[in-house]
Amino acid sequence: MDSTSSAVSRIAPPLNLEARKPRVCVSLPYASQLLTGTAMYFGGAEVRGTTFLNGLAATQAWDVHAVVVGPPAPPMRLANGVTVHTKLEAPCRITVPLATPAETVWGRVAADVYLAFGANEASAEVAHYCRAAQRPLVLSIASDAAFDATVYELSIVCDAYGVVGHFPWYAINGAHTVVVQTDHQQALYRARYGSDAVLIRNPAPQQGHRPPRTAVANGGRMLWVGRVDPNKRYEEALLLAAALPHREMIMVCNNILSLGEGTIDELQTAMPNLMVADQVALPDIEGLFRFSDVLVNTSVVEGFPNTFLQAGLAGIPIVSMVVDPDGMLSQHGCGRVSDGTSAGMAHTVETLLANDNAYAAAATACSAWVHGRHDASARVAELSAVLAQALALSPAGDLATGAAA
1 MDSTSSAVSR IAPPLNLEAR KPRVCVSLPY ASQLLTGTAM YFGGAEVRGT TFLNGLAATQ
61 AWDVHAVVVG PPAPPMRLAN GVTVHTKLEA PCRITVPLAT PAETVWGRVA ADVYLAFGAN
121 EASAEVAHYC RAAQRPLVLS IASDAAFDAT VYELSIVCDA YGVVGHFPWY AINGAHTVVV
181 QTDHQQALYR ARYGSDAVLI RNPAPQQGHR PPRTAVANGG RMLWVGRVDP NKRYEEALLL
241 AAALPHREMI MVCNNILSLG EGTIDELQTA MPNLMVADQV ALPDIEGLFR FSDVLVNTSV
301 VEGFPNTFLQ AGLAGIPIVS MVVDPDGMLS QHGCGRVSDG TSAGMAHTVE TLLANDNAYA
361 AAATACSAWV HGRHDASARV AELSAVLAQA LALSPAGDLA TGAAA
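Here the sequence shown stands for residues 1 to 405, where the numbers follow our numbering.
There's no promise every hint is true.
Just the calculated beta-carbon pair ranges, DEER-fashion [as the list claims (entries may be wrong)]: (1) ALA381 / GLY219: 38 to 44 Å; (2) ALA217 / GLU103: 51 to 57 Å; (3) GLY340 / THR59: 39 to 45 Å; (4) ALA58 / HIS371: 16 to 22 Å.
Hints listed in this document are in silico derivations from the structure and should not be mistaken for laboratory results. Keep in mind the model is a prediction, meaning the values are calculated, not measured. Each residue gets a CB set at the ideal place from its N, CA and C atoms; glycine is no exception.
Please model the entire structure based on the sequences and the hints provided.
Dropping the structure here:
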């Protein structure tokens with residue numbers, strides 16, 4: 001066993017290729033902390049991806065490999081059978097033909113089918129390899145931004161995340177199969193590309209499903225989870241905390257120390273109701289949901305936020321500035337959507353917290369939504385079927401002959 005962890009060992013010898021399981025390689029650049037415990041920022045896309053990845057491994061139908069950003073190291077096999085490979089973070093160069101695909105990390109994995117989450121530089125890199133190596137790629141869309149007007153061939157315009165538009169265009173057009181998270185994304189894809197994507201809703205993370213709250217339990221404590229970037233709008237979360245000084249706010253803000261080493265102390269001194277953390281492990285984030293009364297979201301655009309699932313599992317409602325996937329909040333009663341302004345957000349949050357009946361109804365609806373639509377085992381089974389179909393229908397439908405070294 002590897003001396004650093006009882007859950008990790010060096011990769012075993014290659015399987016018998018004549019009788020082996022089909023190999024799937026999952027691109028999850030920033031999932032190191034979730035997979036191997038390495039200190040690194042992660043977000044909802046990584047939680048979603050690892051939930052799917054671990055679920056696929058649990059089916060025993062796939063030989064599951066993952067590629068994450070990290071220093072060069074031999075592949076490592078986790079206790080659940082997932083093999084983790086590392087690659088250095090480097091600019092994506094998809095305009096240059098890939099002369100030796102076998103020499104890339106993707107070629108060394110030699111998977112039969114590849115899976116990427118999000119339409120961005122990382123998934124464009126995987127698409128570039130798959131095109132050169134003639135391997136099928138299943139692309140799971142994350143944000144609605146993948147369908148923005150900025151996304152087109154050779155676009156140099158950035159979306160709300162700062163992603164140059166050509167990268168998501170290249171990834172989407174290089175995929176054998178595109179998977180979307182919501183009915184809204186299905187409609188966006190159909191309008192843009194004239195065909196249907198596969199709808200697979202997000203799997204709920206593996207945490208306890210608590211009964212819905214019947215009333216505010218923690219003084220109306222708000223929880224915001226995000227990072228320092230233009231899309232998450234952490235500044236709006238700070239304005240919300242300032243507008244409601246009688247309500248505590250827990251703010252998990254990845255990379256907030258990039259604003260200065262003393263940022264957290266300065267913010268907490270200025271706003272005594274604010275508790276700020278930079279990097280929090282997933283089990284601890286799940287604990288924060290249990291000790292909060294409402295999840296607040298200030299993003300410009302999302303797909304289906306993983307935090308919305310965590311709120312439902314914790315039995316608390318959601319208040320969002322603008323994001324409302326498939327009308328979850330406005331039509332299905334899982335919380336509230338404000339008018340998009342700072343003042344409107346504060347008013348909406350306070351109104352919900354101050355009304356016990358409305359609060360209980362929203363918490364119940366949120367819990368029911370997650371329980372009814374996001375069962376992890378069912379969603380994993382759907383993805384497994386999509387991967388199998390992509391492999392069967394691909395031009396190179398035979399199993400790859402390489403093996404991870």
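Structure-based check of all given hints:
no. : hint                        : result
1   : ALA381 / GLY219: 38 to 44 Å : holds, 41 Å
2   : ALA217 / GLU103: 51 to 57 Å : holds, 56 Å
3   : GLY340 / THR59: 39 to 45 Å  : holds, 42 Å
4   : ALA58 / HIS371: 16 to 22 Å  : holds, 20 Å
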